[in-house]
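2 protein chains.
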Amino acid sequence: MHKEITIQAPATVANLVCGFDVLGMALERPFDIMQVRLLDRREVIITSRDGFPLPSDPALNTAGAPLIAMLEELDRPEGRPPGFENRPIGFEVIIDKHIKPGSGIGSSAASAAGAVVAANHLLGNIFSREDLVRFAMFGEKVASGVKHADNIAPCIYGGITLIRSIFPLDIVSIPAPSLQVTVVHPQIEVRTADARQILRKEVLLKDAIRQWGNIAGLVAGFMKNDHDLIGRSLEDVIIEPVRSMLIPGFDEVKQQCKEAGALGGGISGSGPSIFMLSKDEATAKDVT
Amino acid sequence: MHKEITIQAPATVANLVCGFDVLGMALERPFDIMQVRLLDRREVIITSRDGFPLPSDPALNTAGAPLIAMLEELDRPEGRPPGFENRPIGFEVIIDKHIKPGSGIGSSAASAAGAVVAANHLLGNIFSREDLVRFAMFGEKVASGVKHADNIAPCIYGGITLIRSIFPLDIVSIPAPSLQVTVVHPQIEVRTADARQILRKEVLLKDAIRQWGNIAGLVAGFMKNDHDLIGRSLEDVIIEPVRSMLIPGFDEVKQQCKEAGALGGGISGSGPSIFMLSKDEATAKDVT
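Those protein sequence lines, which keep their order, are chains A and B. Convert by adding 145 to the 1-based position in the first sequence; the result is the number in my numbering. Convert by adding 145 to the 1-based position in the second sequence; the result is the number in my numbering.
None of these hints come from the bench; they were simulated from the model. Any given hint could turn out to be false.
Pairs count within a copy or across copies, as identical chains cannot be separated in the list.
No more than 25 Å apart at the CA atoms, straight line, and that leaves these computed lysine-lysine pairs for BS3-like [said to hold, decoys possible]:
no., residue 1, residue 2
1, Lys-346, Lys-242
2, Lys-148, Lys-403
3, Lys-286, Lys-351
4, Lys-351, Lys-430
5, Lys-346, Lys-403
6, Lys-351, Lys-148
7, Lys-346, Lys-369
8, Lys-292, Lys-242
9, Lys-403, Lys-292
10, Lys-346, Lys-424
11, Lys-369, Lys-242
12, Lys-369, Lys-286
13, Lys-369, Lys-245
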């Protein structure tokens, strides 16, 4: 059994245009590097490789809270993995952060997901991926106050994931062709709470119908490897028209990227980053 | 070149639960039988095999209006198929109706779609399937006052279709496993206009999100042949709670069918028919 493991936890794009709150996508890079060590005492220690100050209480840390949730599950009589029946368990995590917090590409989710994936490996992979998402959501709660899984699920499952339902948790991997993702990060701050607050609680039924036609088209486009259909379906008539007001220049950036050949794109997470999907690397370079 | 053809136009289920207004499905039976004959004069004649009285003006007939739209398109200089450059064209249609009008399984769509598919064949298939949907929508306009394609598209394409967008028309075939469909037809009348009128113009964003999570899950379930996922995704939190009030006993029928093993189901079209999907014939028989 390994005592230590080093893993890469990738950045992710949540709220894929018409897939607001339900679709997310893992990126190949950037990624955080996390070194996780098994301790033979019940303790969770999180440190930052570059000395960035972290909350001393692991329960208040994005990587710590998920590990505490995992340890609590192990406290149940049937929860102990073979070889750990009567031993205390703890984890030390050293995070080498490369995904900038607040950039809207799942920085907190990478810390939370990476910690539990690594810890689970050290325990002999006794937990399912769905369990891991459940634990990691405690990290999102610490980071933003809301237990959401749009970034965590693709970070753990890879590729594109659908959160069909959050309570009860139902995660579906969506097969897709490989796509080039360009992320534009404007030097402004958009607070997730603000981005959430400006959304209307009610939407027009006709807009909702258009949106669910688009998400159905997007999923079909991914699964059929149909780039044109993906492009036509990347339309958000509900969230983007409101949230893009918080991002000066959004419409121009999007327009220019599409003129350069991008399939389409939108706001990454709650912003301010903008992501654009392209079919191939050459187009993605033109988009950049 | 054939002068006459006889085709079968199948019944269809529109508004597949969470796929309100965008998803439709063709059934293997019942189907109308339509005999279409090419005329060498510009005329459209529609008659009923069983002598059922039809509007004498073909423009007011569900099968006639689409054929008139097709003939008008042929009047454009580039519209004539080879061999018809200088000849007048007309069609005679004899309909043997097996899909009961008002039953909510696409009776008018079958007449409209069947007429243009048959006519197109007699002209050497010069029109695309999308063109045919466009023509057939004139029949729906005659029947219900609204140009919709939810029944026409699956009737022409077969299987399950997504209308991602109606203007401009964007139809996507969704591959799916073969499914058994049970249709329950209560002996009541639900007028489409009434069914439309009781819908609220605004819906809660959180309900809309749940709905688009479900339609994404349903499309993924169809394309992955994942019957469990199909079943979990067959949930409509927006339309069904309102419209099912027009169908006494709806909840009980649905509950009993699910207990008998059906994956799920809902209102067919705007009702009053209820449809239930099952994985195999044995379950479908239990459901019946």
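message = So, against the hints stated earlier in the document, which numbers end up violated here?
response = 1, 2, 4, 5, 6, 7, 9, 10, 11, 12 and 13
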